[in-house]
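**Student:** Sequence:
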Amino acid sequence: MTVAGAGKYKTYYCANAKEKGPSVCSGFRGLRDSIALPLVLSGLRNDLMKPDAYVAFRKSVQQRLKATRGAAKDALDLHDNRVRGLETARRNPILPARQGLGSQSLVEELNQIDADLVRLTAMREEIIPPEIKLPDGLPDLYREMIRDIAATLSEESVASRAADALHELVDRIVVD
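Going by the numbering used here, 224 is the number at position 171 of the sequence shown; the sequence numbering is gapless.
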């Protein structure tokens, strides 16, 4: 879509063959911003975050989190087994001595084991997935925040970022 005009005459239309090659929406003369804006904003206000859709969204998020926790639990078990193995090696310095390591190389080996234990202990917190809690009243909070969305999105400080975010949010507009 290409935008032309200014103010209340701002219009969205398909680029012509001269601008971008063959037009993909033949017969479409254009859509005035003054018509499109209220339609899109009413869709954002009224059609998003309905309670039933939010319940389905919460269920899908919980299922995905359970799957993530399962994978994280497996990774955590592997991590804990590695830590236990290093702790056993640190408690039992006789094994490296039997393998022929001298006192200097034995000390170096024990220092390496200690360094690995410190590193793995610090990594453990990164493996555990964070707890995500979705609020119960999110649809109501959403409605409260977008009540005056047109004025908020029109402020100069947020207009360009809001336009970019809106372009990502609104995939397409169907004109009947």
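Keep in mind that the hints were calculated from the coordinates and are not lab data.
Virtual Cβ for every residue (Gly too), placed ideally from N, Cα, C.
Errors might be hidden in some of the hints.
[Unchecked claim] In silico DSS-like pairs for lysine-lysine, Cα to Cα no more than 27 Å straight-line:
no., residue 1, residue 2
1, 112, 186
2, 186, 119
3, 126, 103
4, 103, 119
5, 126, 186
6, 63, 186
[As the list claims (entries may be wrong)] Have a look at the derived ranges for each label pair, beta carbon to beta carbon:
no., residue 1, residue 2, range
7, 193, 138, 25 to 35 Å
8, 141, 182, 22 to 32 Å
9, 91, 213, 36 to 46 Å
10, 220, 161, 50 to 60 Å
11, 120, 176, 14 to 24 Å
**Student:** Each hint needs a verdict: does it hold in this structure or not?
**Tutor:** Verification of the supplied hints:
1. Proximity of residue 112 to residue 186 is assessed by CA-CA distance (about 12 Å); at most 27 Å being required, the pair is judged to hold.
2. About 13 Å separates the Cα atoms of residue 186 and residue 119, which keeps this hinted pair within 27 Å; it holds.
3. Taken as a hint, the residue 126 and residue 103 pair is broken in the structure, with Cα atoms around 34 Å apart against an allowance of 27 Å.
4. Simply put, residue 103 and residue 119 have alpha-carbon atoms about 24 Å apart, close enough for the 27 Å limit, and the pair holds.
5. Between residue 126 and residue 186 the alpha-carbon distance is near 19 Å, which keeps this suggested pair within the 27 Å criterion.
6. Restraint check for residue 63 and residue 186: the C-alpha separation of about 42 Å exceeds 27 Å, so the hint is violated.
7. Between residue 193 and residue 138, the C-beta spacing of about 52 Å breaks the proposed range 25 to 35 Å.
8. Separation of residue 141 from residue 182 is about 28 Å and conforms to the stated range, judged on CB atoms against 22 to 32 Å.
9. Here the CB-CB span from residue 91 to residue 213 is close to 21 Å, at odds with the stated 36 to 46 Å.
10. About 58 Å separates the C-beta atoms of residue 220 and residue 161, a value consistent with the hinted range of 50 to 60 Å.
11. Our hint of 14 to 24 Å for residue 120 and residue 176 holds, since their Cβ atoms are close to 22 Å apart.
When the structure is compared with the earlier hints, violations turn up for hints 3, 6, 7, 9 and for no others.
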